[in-house]
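Line order of the protein sequences matches chains A and B. Each residue of the first sequence is one higher than the last, beginning at 1 in the working numbering. Each residue of the second sequence is one higher than the last, beginning at 1001 in the working numbering.
Worth flagging that the hints you see were computed from the coordinates, not collected in a lab. A hint or two may mislead.
[As the list claims (entries may be wrong)] Computed list of lysine to aspartate or glutamate pairs in DMTMM-like fashion (alpha-carbon distance at most 25 Å, straight line):
(1) B:K1050 to B:E1038
(2) A:K42 to B:E1091
(3) A:K356 to B:D1025
(4) A:K42 to B:E1015
(5) A:K351 to B:D1025
(6) A:K351 to B:E1091
(7) A:K137 to A:D229
Keep in mind that this is a model prediction, so the values were computed, not measured.
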Amino acid sequence: MTEASETLKTTPLHSLHLELKGKMVPFAGYDMPVQYPLGILKEHQHTRAKAGLFDVSHMGQVRLTGEDPAAALESLVPGDIKGLARGRMRYTLFLNEQGGILDDLMVTNAGDHLFLVVNAARKDHDVAHMRERLKGKVEVELLDDLALMALQGPEAAAVLGRFIPEAATMKFMSCLPATFNGIPVIVTRSGYTGEDGYEISCDKSDAETIARALLAEEEVEAIGLGARDSLRLEAGLCLYGHDIDETTTPVEAGLEWALSKRRREEGGFPGYEIIKDQLANGAPRRRVGIQPEGRQPAREHTDICDADGRKIGEVTSGGFGPTASAPVAMGYVDRAHAAVDTPVQLMVRGKPLAGKVAAMPFVPQRYYRG
Amino acid sequence: MTIKYTKDHEWVRVEGDVGTVGVSDHAQHQLGDVVFVELPEVGRQLQQGKEAAVVESVKAASDVFAPVSGEVIEANADLENDPSLVNAGAETTGWFFKLRLSNPAELDGLMDEAAYQAFVEGQA
Chain A
1 MTEASETLKT TPLHSLHLEL KGKMVPFAGY DMPVQYPLGI LKEHQHTRAK AGLFDVSHMG
61 QVRLTGEDPA AALESLVPGD IKGLARGRMR YTLFLNEQGG ILDDLMVTNA GDHLFLVVNA
121 ARKDHDVAHM RERLKGKVEV ELLDDLALMA LQGPEAAAVL GRFIPEAATM KFMSCLPATF
181 NGIPVIVTRS GYTGEDGYEI SCDKSDAETI ARALLAEEEV EAIGLGARDS LRLEAGLCLY
241 GHDIDETTTP VEAGLEWALS KRRREEGGFP GYEIIKDQLA NGAPRRRVGI QPEGRQPARE
301 HTDICDADGR KIGEVTSGGF GPTASAPVAM GYVDRAHAAV DTPVQLMVRG KPLAGKVAAM
361 PFVPQRYYRG
Chain B
1001 MTIKYTKDHE WVRVEGDVGT VGVSDHAQHQ LGDVVFVELP EVGRQLQQGK EAAVVESVKA
1061 ASDVFAPVSG EVIEANADLE NDPSLVNAGA ETTGWFFKLR LSNPAELDGL MDEAAYQAFV
1121 EGQA
């Protein structure tokens, strides 16, 4: 373990995690806190009740500049980037020629450039992909000097509003350059917990100052990756490499909402013919919510069987939902079994556990709608 | 009455020929919040060192091994309704099951409390 951790990268908040007695684990090549002394369950509940601060500095922050970076990026993703107003952002997907998902990401129109946030484990891939495919059209810059924090939960707006009054009323999925106690930051009203909240990007040298100021507010606790995972699972949100990957299309993954209307009609992104066909005729399998009966969790790679015991799919994320107060899971099933309330059997340690296909999210999303 | 510990962090408290089994307080700290416990059915014959139960925390599922061989005579029904008893009282109210020891000599190979504490500190 000590040997492995020597090769791990650290974020600008690493020493703060250690000071807060975070339990550190390797994640996407970084030494990250999976939990703090509060524990995953209470950290999860705290975020849903008040506000949680997450270090997500391991994620890739990327700047795209050039003559028309929106038009260039649209050749790689199915989202409407050209139609994104200044200061607005959108969730989209890098696709391969088969319509498989190479990564999921957030794109913000920052005025003179596009600002992207991509997954930690995929940032090197994504940067190389864009540099190769968009060569001569855009300049791709991985912003390694930046840190990123997420402040999430129903009290997030009240807390951040004390430092940045305009933040309290900014729109969901919008972006605001601001100052936090005199420090320049870029705030977006976004996140990945299903709660209202923000992501705050700043220079890495300022990250600890901002984190300490937020943690000093009585509503705020530091939250680790464990609760981040259970929060996004309850919210029905995909984790790249688990619920979506190069073998899953956006239609199979139930991410049709990320296929913008104009792009569905015009195409011009990788895998368009396959996706167009799946939109018209359905995909062979679907990502669905799975609700096991009782309290026993069904975890990733659990086989999903029909009532007769025939395998119809596999769990891709599963665990215990502290807010749902029940086990929750998601996975892919053959289309014939994808309707809500379809009974399934989950093969947990060789024994069938009864469950059913369930609607997602498992807990209502509470984004700010102004 | 003696309490003994295994290197896999189970404990067994022996009264007569009956052993009560659970996971150590150190283990529950490592596991984190326990959300489900799968217990062996009464009458099952357990072999020392073989799978006896499963404890699921928010993080992951972990096997619990039988510290000694014997027949299960009772499972802790309270854990079904409130698995967090394992966190609240790992070595008391959060016990897993009781068994009738078939080979009490196996106890000699386990650690007493002091030896277990030293073992845990050595692992840290």
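Each hint tested on the structure:
1. B:K1050 to B:E1038: 15 Å, holds
2. A:K42 to B:E1091: 22 Å, holds
3. A:K356 to B:D1025: 36 Å, violated
4. A:K42 to B:E1015: 37 Å, violated
5. A:K351 to B:D1025: 29 Å, violated
6. A:K351 to B:E1091: Violated: K351 of chain A and E1091 of chain B sit about 29 Å apart, past 25 Å.
7. A:K137 to A:D229: Status violated; Cα separation ~36 Å.
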